[in-house]
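Participant: Listed here are the chains, written in short residue letters.
There are 2 protein chains.
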Amino acid sequence: MTEPLASWKPILSRALHRNRSLPNSRYFQLATINIEGKPTNRTVVFRGFFNQSNQLQIITDSRSEKIAHINYHSAAEICWYFPKTREQFRITGQLTIIDETNQNQTPRLTVWKNLSDAAKQQFTWPYPGEMLTDNKQDFLQDIPSNHQPLSNFILLLFNPEKVDHLELRGNPHQRTLYYLDNLDNWITKAINP
Amino acid sequence: MTEPLASWKPILSRALHRNRSLPNSRYFQLATINIEGKPTNRTVVFRGFFNQSNQLQIITDSRSEKIAHINYHSAAEICWYFPKTREQFRITGQLTIIDETNQNQTPRLTVWKNLSDAAKQQFTWPYPGEMLTDNKQDFLQDIPSNHQPLSNFILLLFNPEKVDHLELRGNPHQRTLYYLDNLDNWITKAINP
Numbered sequence: 228m229t230e231p232l233a234s235w236k237p238i239l240s241r242a243l244h245r246n247r248s249l250p251n252s253r254y255f256q257l258a259t260i261n262i263e264g265k266p267t268n269r270t271v272v273f274r275g276f277f278n279q280s281n282q283l284q285i286i287t288d289s290r291s292e293k294i295a296h297i298n299y300h301s302a303a304e305i306c307w308y309f310p311k312t313r314e315q316f317r318i319t320g321q322l323t324i325i326d327e328t329n330q331n332q333t334p335r336l337t338v339w340k341n342l343s344d345a346a347k348q349q350f351t352w353p354y355p356g357e358m359l360t361d362n363k364q365d366f367l368q369d370i371p372s373n374h375q376p377l378s379n380f381i382l383l384l385f386n387p388e389k390v391d392h393l394e395l396r397g398n399p400h401q402r403t404l405y406y407l408d409n410l411d412n413w414i415t416k417a418i419n420p
Numbered sequence: 228m229t230e231p232l233a234s235w236k237p238i239l240s241r242a243l244h245r246n247r248s249l250p251n252s253r254y255f256q257l258a259t260i261n262i263e264g265k266p267t268n269r270t271v272v273f274r275g276f277f278n279q280s281n282q283l284q285i286i287t288d289s290r291s292e293k294i295a296h297i298n299y300h301s302a303a304e305i306c307w308y309f310p311k312t313r314e315q316f317r318i319t320g321q322l323t324i325i326d327e328t329n330q331n332q333t334p335r336l337t338v339w340k341n342l343s344d345a346a347k348q349q350f351t352w353p354y355p356g357e358m359l360t361d362n363k364q365d366f367l368q369d370i371p372s373n374h375q376p377l378s379n380f381i382l383l384l385f386n387p388e389k390v391d392h393l394e395l396r397g398n399p400h401q402r403t404l405y406y407l408d409n410l411d412n413w414i415t416k417a418i419n420p
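Quick mapping for you: the protein sequence lines, in order, are chains A and B.
For the record, in the first sequence the residue sitting at position 86 is 313 according to the working numbering, with numbers rising by one throughout.
For the record, in the second sequence the residue sitting at position 30 is 257 according to the working numbering, with numbers rising by one throughout.
You may find that some hints are simply not true.
[Unchecked claim] Derived DSS-like pairs (lysine-lysine); straight-line CA-CA distance at most 30 angstroms:
id, chain 1, residue 1, chain 2, residue 2
1, B, Lys236, A, Lys363
2, A, Lys340, A, Lys236
3, B, Lys363, B, Lys340
4, A, Lys311, A, Lys416
5, A, Lys347, B, Lys416
6, A, Lys363, B, Lys340
7, A, Lys236, B, Lys311
8, B, Lys311, A, Lys311
9, A, Lys236, B, Lys363
10, A, Lys311, B, Lys340
11, A, Lys363, B, Lys265
[Stated by the list, open to error] Examples of chain A residues lying across from chain B (beta carbon under 7 angstroms, computed):
id, residue
12, Asn251
13, Ile260
14, Glu304
15, Leu359
16, Phe366
[Said to hold, decoys possible] To be clear about the criterion: a stretch of chain A counts as covered by chain B if any three or more of its residues have a C-beta under 8 angstroms from a C-beta of chain B, and this derived list gives those stretches:
id, stretch
17, 280-288
18, 407-418
Just so you know, these hints were derived from the structure itself, not from any lab.
All of these numbers come straight from a predicted model, not from anything done at the bench.
C-beta: ideal position from N, C-alpha, C; glycine also.
Pulled out of the complex, with its shape left as it was, chain A reads as follows:
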């Protein structure tokens, strides 16, 4: 199955390229809903697209609260602001959890392999969100570079359904909506900012 060409993808790639001097231009904010139905929001790191698809890769820990949220409700919205070019992408979509039980482990293994040792080590840390562990040694377990993914290492795939692109440079601002029609083709529409 070939995916339809996503007209927003080259626009997002251009923003990533133009902002590449800023490390935080690869961070975005991911909003989900908790089990009480309330909004939650946190910064995560963009880990590239899955293969050549439109799906954005994010990593997380199975012990983090957002996994409970996503199990309850897979809808999410990314807000991605690029400071240098002063543009924002709001990406609406669905999250899929890829954990150690998935039959196809290739994407999970590939992302794990590309992590720094420091990033891998975080998956050995004590339970996140609990009272601070006194023993500093608990944060210093080494993970050999060739170690298999730890069982709490999760790959999230974010599948976009709508992209709202706002450019703040210039007056008035420019705003473009990208959405899927009934035949799963991406439609582009200029809208009022």
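Once you have looked at the hints, place chain B on chain A.
Facilitator: Structure of chain B alone, referenced to chain A:
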């Protein structure tokens, strides 16, 4: 009524001060829920605290989608990342809409008066989110500096209930939770990152 001292407030003020060279350090991402119960997320500008209170001020247009969301569900979460000091504040709370019908117009008038002419002009623009208006003149209406707030100008007050502060500098990361107890006192707790 005096508000209890919020232990997180000097920490947030310090982050604002240390990141003051970056204009986007005054932007944060605000997550709300739409009428379908799905998460939504957008960048907004921090307009200071209301008086000496803990309430964060945000401005918006009564025609923007988020007003419908907030009318439906006032819960929200702010995610505020400071690039220079590499720290994040996740602020959970409730939003209150201050529009032209509120009896006390002072906070709304004060924030309006401090806006730039360009920011004021945005409230004259055609309906946001609708198909792009062809007539460029519709985006160029002047607002005299001393003009009263336009009727679609809204002040949002965000009242924090919980603050989750994460510092990425250093290994391991530092994480501190601030929350209100039953007597509305702010409690501080060091937790695992």
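Participant: Taking only the CA atoms, is the gap from Lys363/B to Lys340/B under or equal to 30 angstroms?
Facilitator: holds, 26 angstroms
Participant: For a C-alpha distance cap of 30 angstroms, please report whether Lys340/A and Lys236/A respect it.
Facilitator: holds, 25 angstroms
Participant: Does Lys416/B sit within 30 angstroms of Lys347/A, going by the straight-line distance between their CA atoms?
Facilitator: holds, 26 angstroms
Participant: Does Lys416/A sit within 30 angstroms of Lys311/A, going by the straight-line distance between their CA atoms?
Facilitator: holds, 25 angstroms
Participant: Starting from Lys236/A, check that the Cα of Lys311/B is at most 30 angstroms away, please.
Facilitator: Holds, at about 28 angstroms.
Participant: Holds or violated: Lys363/A and Lys340/B, Cα atoms, limit 30 angstroms.
Facilitator: violated, 51 angstroms
Participant: Taking 30 angstroms as the top limit, are the C-alpha atoms of Lys236/B and Lys363/A close enough?
Facilitator: Status holds; Cα separation ~28 angstroms.
Participant: Minimum Cβ distance from Glu304/A to chain B below 7 angstroms?
Facilitator: The hint holds - Glu304/A has a Cβ within 7 angstroms of chain B, the shortest such distance being about 4 angstroms.
Participant: Taking the least C-beta to C-beta distance, is Ile260/A closer than 7 angstroms to chain B?
Facilitator: holds, 5 angstroms
Participant: Could you grab the alpha-carbon distance between Lys236/A and Lys363/B and see if it respects the 30 angstroms cut-off?
Facilitator: holds, 28 angstroms
Participant: Mind checking the alpha carbons of Lys311/A and Lys340/B for me, to see if they're no more than 30 angstroms apart?
Facilitator: holds, 28 angstroms
Participant: Does Leu359/A hold up as a contact with chain B if the rule is Cβ-Cβ below 7 angstroms?
Facilitator: holds, 4 angstroms
Of the numbered hints given earlier, the model fails hints 6, 11 and 17; all others are met.
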